[in-house]
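Student: The sequence shown begins at 23 in our numbering and counts up one residue at a time.
Just so you know, these hints were derived from the structure itself, not from any lab. Any given hint could turn out to be false.
Here are the simulated SDA-like pairs of lysine to any residue, each with C-alpha atoms no more than 25 Å apart in a straight line [claimed, not checked]:
(1) K138 with L297
(2) K35 with I62
(3) K319 with A267
(4) K296 with H316
(5) K271 with T293
(6) K85 with K35
(7) K193 with V44
(8) K85 with P46
(9) K311 with K85
(10) K236 with F211
(11) K175 with K125
(12) K152 with I197
(13) K271 with E315
(14) K61 with K85
(15) K238 with K61
(16) K271 with F211
(17) K138 with K61
Okay, the calculated beta carbon distance ranges per label pair [unchecked claim]:
(18) A246 with A114: 35 to 41 Å
(19) S117 with N299: 41 to 47 Å
(20) V284 with M94: 26 to 32 Å
(21) V284 with N101: 45 to 51 Å
(22) R214 with E301: 29 to 35 Å
All C-beta atoms, glycine included, are put in the ideal place defined by N, C-alpha and C.
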Amino acid sequence: VSGYFWKLFTKIKADYVFIFEVSPMTQALPGVWYAKKRKIPCYLYVQDLWPENVEIVTGISNKTIIGSIGRMVDYIYRNCDKIFTTSRSFIASISARGIERDKLEFWPQYAEEFYKPLNYVEVPEIDSRKFNVTFTGNVGQAQGLDILIEVAKEFINENVKFNLIGDGRYKEELIIKVKNAGVIDLFNFIPRQEPTHIPKYLAASQVVFLSLSKNKLFEMTIPAKLQSYFACGKPVLASISGESASIIKEANAGYVSEPGGVEELVNNLKTMLKLTNEELSELGRNARKYYLEHFEKNMLLNDMDKHFELKENKYV
């Protein structure tokens, strides 16, 4: 929210300020200032945890810089009436900064309605003769996809294909590494697809892959693709730790190994290869059930509505 541009271009008087916070967190400041000036409630939805995100993404460790950022973050938190987080782990981190616990609430991300289970659809890019392990989304170093190179070496004589759908700054380097490792035949790099097309790619796959690099911040993060995978009712093979790992285990929706744990990931994939279609389907049904109980869009939006006083003929 930009209070300045809101005031400049509209005569509508807001009743609330809702800030969708992604990096950089400085974008929250105009919304906080507007809410203070208008004496209206200010809600913050935290997607990226600062200053931790700055330290990890930029590598900045200077205490003066991080301290200054931390003071800005504390100012924003203190001046918000309610703070929603995308993971439960964020609550503990924000609370540790001296923010009242009753201000904080876990409100996870949801998947759009088009993410849903589909019957098998033939997709030209997905080889139906293979056991397809499919990843979707950004191809960056944070995703920890290098681990698949070492895993693939153990499946050279198996009927396995790793499909990576998406683009990113690390994609070209990853392709070179895959070629140099001599496992390119086990990989299928597919360009980014429209989100509405992703469910059919997942329906053509036996297993979906979820991964993040080993990192304290990532342990507190729930990647949005987890909700998409669960919504589509797919069994998950994961190289991830922390809150995401706990959710997959709680849902009984797949097999999880620690980031960097090649041997454990290999063993988990071998286990999934031996599962019957019905056993794989059961894992997928568990994922879908968990999604409907915890991440379903209308349920979450109805819950959010309780935090707003809906007024007739008012914009909220």
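Student: Next step is simple, just say for each hint if it's right about the structure.
Tutor: Evaluated hints:
| no. | hint | in the structure |
| --- | --- | --- |
| 1 | K138 with L297 | holds (23 Å) |
| 2 | K35 with I62 | holds (10 Å) |
| 3 | K319 with A267 | holds (22 Å) |
| 4 | K296 with H316 | violated (30 Å) |
| 5 | K271 with T293 | holds (15 Å) |
| 6 | K85 with K35 | violated (41 Å) |
| 7 | K193 with V44 | holds (23 Å) |
| 8 | K85 with P46 | holds (19 Å) |
| 9 | K311 with K85 | violated (45 Å) |
| 10 | K236 with F211 | holds (24 Å) |
| 11 | K175 with K125 | violated (49 Å) |
| 12 | K152 with I197 | holds (20 Å) |
| 13 | K271 with E315 | holds (15 Å) |
| 14 | K61 with K85 | violated (34 Å) |
| 15 | K238 with K61 | violated (37 Å) |
| 16 | K271 with F211 | violated (29 Å) |
| 17 | K138 with K61 | violated (42 Å) |
| 18 | A246 with A114: 35 to 41 Å | violated (21 Å) |
| 19 | S117 with N299: 41 to 47 Å | holds (45 Å) |
| 20 | V284 with M94: 26 to 32 Å | violated (40 Å) |
| 21 | V284 with N101: 45 to 51 Å | holds (46 Å) |
| 22 | R214 with E301: 29 to 35 Å | holds (32 Å) |
When each numbered hint is compared with the structure, violations occur for hints 4, 6, 9, 11, 14, 15, 16, 17, 18 and 20.
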